[in-house]
Amino acid sequence: MDPVITVRGLVKTFGATRALDGLDLEVAPGEVHGFLGPNGSGKTTTIRVLLGLLRADAGQVELLGGDPWRDAVELHRRLAYVPGDVSLWPKLTGGEIIDFFTRLRGDVDQARRDELIERFELDPTKKARTYSKGNRQKVALVAGLASSADLLVLDEPTSGLDPLMEAEFQECIREARAEGRTVLLSSHILAEVEALCDRVSIIRAGRTVESGALDTLRELTRTAVSAETIRPVEGLDGLPGVHDLEIRAALDGDQTIRFQVDTVHLDAAIATLSKAGLRSLTSSPPTLEELFLRHYGDELSAEAAAALDGGQ
Amino acid sequence: MRSDLARTGAVVRLIVRRDRIRLLVWIGAIVLLVYVSAVSTIEIYPTQADLDLAAAAAEDNPVALAFNGPDQALDTMGGQIAFQVGAFGLALVGLMSVLLVGRATRTEEDSGRLELVRAMPVGRHAPLVASLLVVGGALVVVATASALSLVALDQEVHGSIVFGSALLAVGLLFLALTAVTAQVAENPRVATGVAGGILGASYVIRGVGDMSGGGLSWLSPIGWAQKARPFAGETWWPLGLALGVTFGLGVLAVLLAERRDFGSGLVAPRPGPAAASDELRSPLALALRLHRAAVAWWAAATALLGFVYGSLAESVEEFIGDNEAMADLIASLQGVSLVDSYLATSLLITALLAVGPALQIAGRMRAEEAELRAEPMLAAPIPRTSWMGAHVALALGSTVLAMVVGGLGLGIGHAAAGGGIGQVAELTIDGITYLPALLVVAGAAVVLFGAVPRWTAGGWLVLTACFVIAMFGALLDLPQSVINLSPLQHVPPVPASEVRALPLLVLSALALALVGAGFVAFRRRDLATS
Chain C
2 MDPVITVRGL
12 VKTFGATRAL
22 DGLDLEVAPG
32 EVHGFLGPNG
42 SGKTTTIRVL
52 LGLLRADAGQ
62 VELLGGDPWR
72 DAVELHRRLA
82 YVPGDVSLWP
92 KLTGGEIIDF
102 FTRLRGDVDQ
112 ARRDELIERF
122 ELDPTKKART
132 YSKGNRQKVA
142 LVAGLASSAD
152 LLVLDEPTSG
162 LDPLMEAEFQ
172 ECIREARAEG
182 RTVLLSSHIL
192 AEVEALCDRV
202 SIIRAGRTVE
212 SGALDTLREL
222 TRTAVSAETI
232 RPVEGLDGLP
242 GVHDLEIRAA
252 LDGDQTIRFQ
262 VDTVHLDAAI
272 ATLSKAGLRS
282 LTSSPPTLEE
292 LFLRHYGDEL
302 SAEAAAALDG
312 GQ
Chain H
69 MRSDLARTGA
79 VVRLIVRRDR
89 IRLLVWIGAI
99 VLLVYVSAVS
109 TIEIYPTQAD
119 LDLAAAAAED
129 NPVALAFNGP
139 DQALDTMGGQ
149 IAFQVGAFGL
159 ALVGLMSVLL
169 VGRATRTEED
179 SGRLELVRAM
189 PVGRHAPLVA
199 SLLVVGGALV
209 VVATASALSL
219 VALDQEVHGS
229 IVFGSALLAV
239 GLLFLALTAV
249 TAQVAENPRV
259 ATGVAGGILG
269 ASYVIRGVGD
279 MSGGGLSWLS
289 PIGWAQKARP
299 FAGETWWPLG
309 LALGVTFGLG
319 VLAVLLAERR
329 DFGSGLVAPR
339 PGPAAASDEL
349 RSPLALALRL
359 HRAAVAWWAA
369 ATALLGFVYG
379 SLAESVEEFI
389 GDNEAMADLI
399 ASLQGVSLVD
409 SYLATSLLIT
419 ALLAVGPALQ
429 IAGRMRAEEA
439 ELRAEPMLAA
449 PIPRTSWMGA
459 HVALALGSTV
469 LAMVVGGLGL
479 GIGHAAAGGG
489 IGQVAELTID
499 GITYLPALLV
509 VAGAAVVLFG
519 AVPRWTAGGW
529 LVLTACFVIA
539 MFGALLDLPQ
549 SVINLSPLQH
559 VPPVPASEVR
569 ALPLLVLSAL
579 ALALVGAGFV
589 AFRRRDLATS
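Residue numbers (the working numbering), protein chains in the order written: chain C, 2 to 313; chain H, 69 to 598.
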């Protein structure tokens, strides 16, 4: 099947700022695709180009088989959008705004609307002026999720939601996937991405630095191993892919060993360890945080990185 | 109490930095109004005989008294200048207070920006007090500069000081009043709306009072300011009365502020409908919902203005009397009746006012885009032309409505004062001949929105230029090439002239081209959210 979203070499500049600098993105039908990147890396700009709100300066952009700038109106019948920064008309109530948006899109499902309002515990009779950030976000979520659109474009959709609502949101996305809909989920919340996404694209400074299935990406990173052996280990520091090796010998001759290993070389490293007589072994697969940090590590101070490591 | 005001100075600097342009525009506009009124009064009434005639005409003209103020030493230059700046100038100072204080308090709270400030080691009342200090300071500048400009034009010093102090007293009173409504009202719009409503009522009450002998004017703060009699045997104590009320309101504001929660008024908001009405299903329906109040208010304003001007028309001959300079100003054409010239000028002023709603709605369209409310609509299957078209339709429609009811009001006012029932239809049609020119000005705002969205407010500059050319073009001796830049100058001055088709057709084509260019430019550009 053709991809739902294909972006190749996308460039977008604002004056002297190069917001997108050759970005690539591919989203397959029926998948939940995570779109990750730090603040200001170009996630929202990319989404605005995909929605035809901004015109690409260079590169190829295709959405649902059409050109998002030229065919905007036709394509928007088939997608629903939830912004991360929700601004509403202060005089209108949440209920009025939700109805207005569902009518604009043309697929009104009253039962679904009422169910979502219930699930997200939104009071639809309040004027938008009085909503908190989380409640404004709920209005946008209900309006977006109430549609039967093929594609959901979500730009940090859960900012401001409490953990209960976050769980409700994740449930809604799983339902959408079960219905065969495609989701592009831009997010900061790595746990959310790990819980929901089949594939992720990580961008930085307007460029895609990593893209693929979460499992595949994990293989590209290092696994942390710590073990105790009966005898001294030999040959570990000569193995390819082993880093940060640390060996401490106890008085009774036991060895405590810690190291990092490129996940593709994990098998050889464990085989070497077991020759020395394993007493205990823990290995932690890389988290999405580590994946993320691998690409942004140089932006963090050493202390911050250490704090993050220590927290795991 | 001291910690309640911590870092007030820092907040003062923040407000000055943020609103410096806005403050300068207000100060400049009011001082300029005083100065230009004084200069033109001196020019129009060069001799004592002229002043005597003007005074005699005004004394017998209840509507002039209703507009400008009580009959106080109108046969002196100073008295006449104070009369010309009049209640309008005082009300404008009040409006400055209401809008600036409303903006610096509740609007700023609603935006979430003040929350950041209050989370700093900044006192509870520092933002309120700081906004009062800044606006109060601006009022002092307005009052001082106004008084100095009168002194510079050789008016009596004592009268000039009282004149400036009267401006200051009204400004401070409405400053304190807005500080009170900002504590009580449910939301920022209500806070400024209520204070503005009381200001409007003050203007009207003293108008009725001045027309009927003056007693009722004591119920209006603007009336008090005029009772201080600048250039007419100055009396300070009515200003003391205003100051006392100001102080009382200030104390009330602080007491109420103690009881109010941040971000909300003492009046709690009421819930609204849980579902939208059946009509709310298109961009046009939304635009109507957003702009209907503005459309109605502007239409009411032009209708009322037209009506008042119309009811004055028959008395214009005696009002102007034998003053040739005044007659020249109104009748720049030979061989037409004074009444028709007067009606033509009235229609021109009504027309200038009628552009207001279009420019306001164009500005709101820009705000919809900049504040991210256009984005989700354009991410729905809504063509850009429909989104923009809805706002532009309301903008242009509101100007058409305001002009039609303005002409209608002029006609009804004229007919009611004895001008004949035929005037109603005639003046309405005359008003309509202004529409092509008005739509050119509105079109300028539309094309700015399309091409350079950040400059959408430039439409107001265009309107101001048209206003200056229309009102002061002759007085300032502007070259004809500059005067011709205003589209309104190409409308034949009906009813003092025959309607000519060609300029109207050219203006219509220009308006159409500007609006069309605005749409084309918007379709081609990025959505500009900053």
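Treat the hints loosely; a few may be bogus.
Cβ pair distances, simulated, as ranges [as the list claims (entries may be wrong)]:
hint, chain 1, residue 1, chain 2, residue 2, range
1, H, Ala-533, C, Lys-134, 39 to 45 Å
2, C, Glu-180, H, Ser-345, 29 to 35 Å
3, H, Leu-546, C, Arg-56, 41 to 47 Å
4, H, Val-536, C, Val-210, 55 to 61 Å
FYI, nobody ran anything at the bench for these hints, they're computed from the structure.
Because the structure is a prediction, the values reported are computed rather than measured.
The beta-carbon is built from N, C-alpha and C at its ideal position, and this holds for glycine as well.
Exercise. So the hint says 29 to 35 Å: do the beta-carbon atoms of Glu-180/C and Ser-345/H match that?
Worked result: For Ser-345/H against Glu-180/C, whose Cβ atoms are near 31 Å apart, the range 29 to 35 Å holds.
Exercise. Has the hinted range 41 to 47 Å been met by the Cβ atoms of Leu-546/H and Arg-56/C?
Worked result: holds, 43 Å
Exercise. CB of Ala-533/H to CB of Lys-134/C, is that within 39 to 45 Å?
Worked result: holds, 42 Å
For this session: Note whether the CB distance of Val-536/H and Val-210/C lies within 55 to 61 Å or breaks it.
Result: holds, 58 Å
In the structure shown, no violation is registered for any of the earlier numbered hints.
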